[in-house]
Amino acid sequence: MKEAFAILDHTADIGIIAYGADLKELFSNAALALFSLITELESVQGKLHLDLGVRSEDRDSLLVDWLNELIYVFDSKHILFNRFDIESLTCNALKATCYGEDFDPNKHKIKIGVKAATYHMLRLDTDDDGYKAQIILDI
Amino acid sequence: MSQWQGQFIKIDDYRWKIPENYKTGMRVPGLIYASERMLESIREEQTPEQVANVAFLPGILGYSLAMPDIHWGYGFPIGGVAATDTKDGVVSPGGVGYDINCGVRLLRTSLNEDEVRPRTDQLINALFHNVPSGLGSEGKIRTSQKEMNQLMVEGARWAVKRGLGLEEDLDATEEGGCLSGADPSKVSDRAVKRGMPQAGTLGSGNHFLEIQVVKEIFDSQIASVMGITDIGQVLVLIHTGSRGLGHQICTDHLRILEQAVSRYGINLPDRQLACAPVESREGQDYLGAMACAANYAWANRQCIAHWVRESFSEILGKSPEKLGMRQVYDVAHNIAKIEEHAINGRSIKVCVHRKGATRAFPAGHKDTPKRYKDVGQPVLVPGDMGRCSFVAVGTQKAMSETFGSTCHGAGRMLSRGAAKRGIRGADVARELASRGILVKAGSISALAEEASQAYKDVTEVIDVVHQAGISRKVAMATPIGVIKG
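First to last, the protein sequences are chains Y and P.
The first sequence begins at 1 in the numbering used here and counts up one residue at a time.
The second sequence begins at 1001 in the numbering used here and counts up one residue at a time.
Rather than coming from a laboratory, the hints here were simulated on the basis of the structure.
Please note that the accuracy of each hint is not assured.
Below, in silico cross-link-like pairs of lysine-lysine (DSBU-like), each with a Cα-Cα straight-line distance of 30 Å or less [stated by the list, open to error]:
(1) P/Lys1349 x P/Lys1017
(2) Y/Lys47 x P/Lys1193
(3) P/Lys1370 x Y/Lys107
The following block holds chain P by itself, in its conformation from the complex (with noise of 0.2 Å):
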């Protein structure tokens, strides 16, 4: 793919400028969260491109933002943030990409590494005995029509309410891992029955299960409000998503909206970009239908969570309450939210469109959970297996600057097929193993796909939402034990 041969504005040392005229049909400019240097990637493929395109949407506000995870994505980029005003804006189902509500969980254990390391390969078994992944994998939740149903509407709590988890659970989740509005007769019948048996699945691809230890605590007073309070204390952190349901609901909405662009007189220069008023019926469908996806990742990521901690209550032999597996938090990174933000000092109800991309509100904030009031939301970033992960926490320049968003995760460098052909599964596990990260796999050959040379290095994204100040790291640890789909 050709490079992008357009130019930057340069704002300051992590802020990139695409001008409003640098393609007719842009309504506002483009802003990149970028370090010099990793701009050089970011400019290697079309993704500035991209980020121009999504500047196109009516009724979109600010800039069209791209975090520093950014890469080239079908229609938006991944890592990308763009919001809209719900009176005479659009939603795009392309915003929001296939995997709705792909998100992270993050749980803290009062272990340290120590005492988990001999058992680590016992661990790994048992999780991953307990927790279906791979493709084609069935979950051990059945549900009935009706069920399904429930489970689309009431997200996480309809676990909680058959035992899969805590109370405090639901306190610790963006929305409380339910979103309103959410209208299962907008759901397909097909994108049910790709979503029922999948339900409490981790799935495959990038998604995954770690044991991490803690590393680095940068602000422990924080840090210590999520309950992480000392180096080598063992985490565990959850990434999948909507499964099947959200990739059909995705698609069947793309078919409906790609007929609406033109009703609605909308120009796009992507066809991916479908999207409709949100006002429209069209629209409202889709945030009825994509609410359900969510909901589902919700639910999905509490069964999953009550797995792991059955899975380390099974190995260590003592309850997860003795264990001290609480919550710290579950963000979504792939999704449309109706919220309301501050624009030249008016309120205004926006739908923002996060693709690759988390909130990060700050504290006092009103959807700050109440445990997290006074220091801001938490904000979880995967890297990549190889490396390490962030814990962050929002904060007020987000709120002004990012509609209260931040970056994701490491974002991609290498295409799978590349990754693949440099890069050997079995190579990649042994090279883990050497450095004491154990690795299991539904596919060893996928691993390949997933290595660290395939992603950027997710410090140096984290670096740049901290200086640039959209949020502040709190906490990094790195991974002892990976489960891959």
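Here chain Y stands alone, though its shape is the one from the complex (with noise of 0.2 Å):
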């Protein structure tokens, strides 16, 4: 099976690719990839699950804003996710029901704060195996 997401290096911050058969998966792992540069994912145990809802402008943005909701819950709620059930996805939203558990100092090590996901080298490709993104993360 093909990997789900791979981490790239960026000398001021960082960046996710992530790999999918289809865009929902591609959206799932790249939030997958989000959450494993902040915590180590196989701590996390889905205790609680939270529906999201994200509209956008077009595919691409709705990617960076997908992730960007992610962060904010994240900041503002302390809760760490590892899965991603993306119900519904059409080009300017997406529903997904995400599941993890509140952040637990004594638990979960936070290896990075990340401040955003940007715009800057945005990529969404499809090839024959699927699709592939890019984002670069402020970190």
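From the two separate chains plus the hints, produce the assembled complex.
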């Protein structure tokens, strides 16, 4: 099976490359990549779930907005996620259920703080294998 | 990443031009301040391309400027300066960055190294305890929504009014610690939710608190005006910004401006450069929200400075006044400011974007604080934790060449991943300890990302701006104790 995501080095910041057989998988893997940078994904249990809805201008912006939504939820509500079920996805809107648990300093190690997902060098491509996206994060 | 293949035109040993015809769409040339040696590392990434891209911004004046600590950013390069005409030019949140009013504050003391060295360990522990730092840290400042709105309008004064600091601190802060035009109604609930619990926290990443010792004084007359008089004198440097509030404001407004770009018929080579006319509703809304984040950052550094004074007082058993803990200055290095500048002999109102660049106003400028009227505005240039930091002053040349701007620090050379692969955090701490620098960090592994090897040598950076005449170096200090978030 093809890997779900990879981490990209960038001098001041860091990037993620996400893969997916379809767009839903791509969006889910991008979110996984984000939380793999924030914490050890294995340390997170699916104790709670949160339904999120994101609307945007176009598909590329939707990807950036989706990650920014998750960054906001983590920074304001201190919830860590490690599973994302994308229930519906159009070119400018998505609905997802995210599974995870409240951040617990005794249990979870926070590796980096992410300020935002950016539009910089943003790419969302498709080929025979499916979809591939590159997003640079400001950390 | 591939090397930049363009050509620089050498103006002199410290100035390199990217001509306007390098790329169709550039409205002005690019100008990079660097030594020939530094130019090689600048060329290694596509950073000069970013300088050229910034030159696309409508209304940009003079040059798309880059300081010697320039490195690859998102959209704008870090170390970039762009001034746009407020009449027909744009404002771009990318030209400020996510950490709005990230900046540095310097406190002096009347202590010398011999008095502090034996207590560094205790001081670092007290500072670590009293100044909340690290990821997910929440502050001791609890505000209601109404108080948060006041904080965003009043800035550092908000903290001083609550007994966290002195009136004279405000005189020694850029803009008096309060940028006018702050409009909390342009700040989203989300930004407030992220920012409210984080007021009065240092944060993480490259933010720090350092106890330093003066090693060299280059201009004793100017240094003495700042209260820096002796080799061995102890200083404290605070580096932080507007935390989640600024990050969310940037995210929110970039999204709005992203959509405005096509409406205003603006052609940009990079979506992250999203902008809108300064005078447009979108532009004004961003500036109103940005000022809120700028003020929050000044309040943040004000609170932290107060707790630094308390920590020293607690460990050394004397009042902050007895310890001579006065503020030298506080500068922003991620901000957009509306300023008056002379262009071809005419005074024009411009929007100066400084992203990883510091204001450097000369002696006699109306915005240079009274106590520095004769010497110029202090410029604070932190280096990495293993090397040194500099204090400089602004010059008339900066006014005429760089819209009163200069460098802001060392500038990254290695990506965080590359730094981590080659260096271990525990080794960094041990190596620094062997050189008399005590480090306490929220995350030891994160220390590797901030190791000296990951940064350019700040000495080279300051030498370029000094030789080019856009600031004048005054003193150099090295750390003996460091707190990393």
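Now the hints, each set against the structure:
1. P/Lys1349 x P/Lys1017: It holds: about 25 Å lies between the C-alpha atoms, which stays within 30 Å.
2. Y/Lys47 x P/Lys1193: holds (24 Å)
3. P/Lys1370 x Y/Lys107: violated (52 Å)
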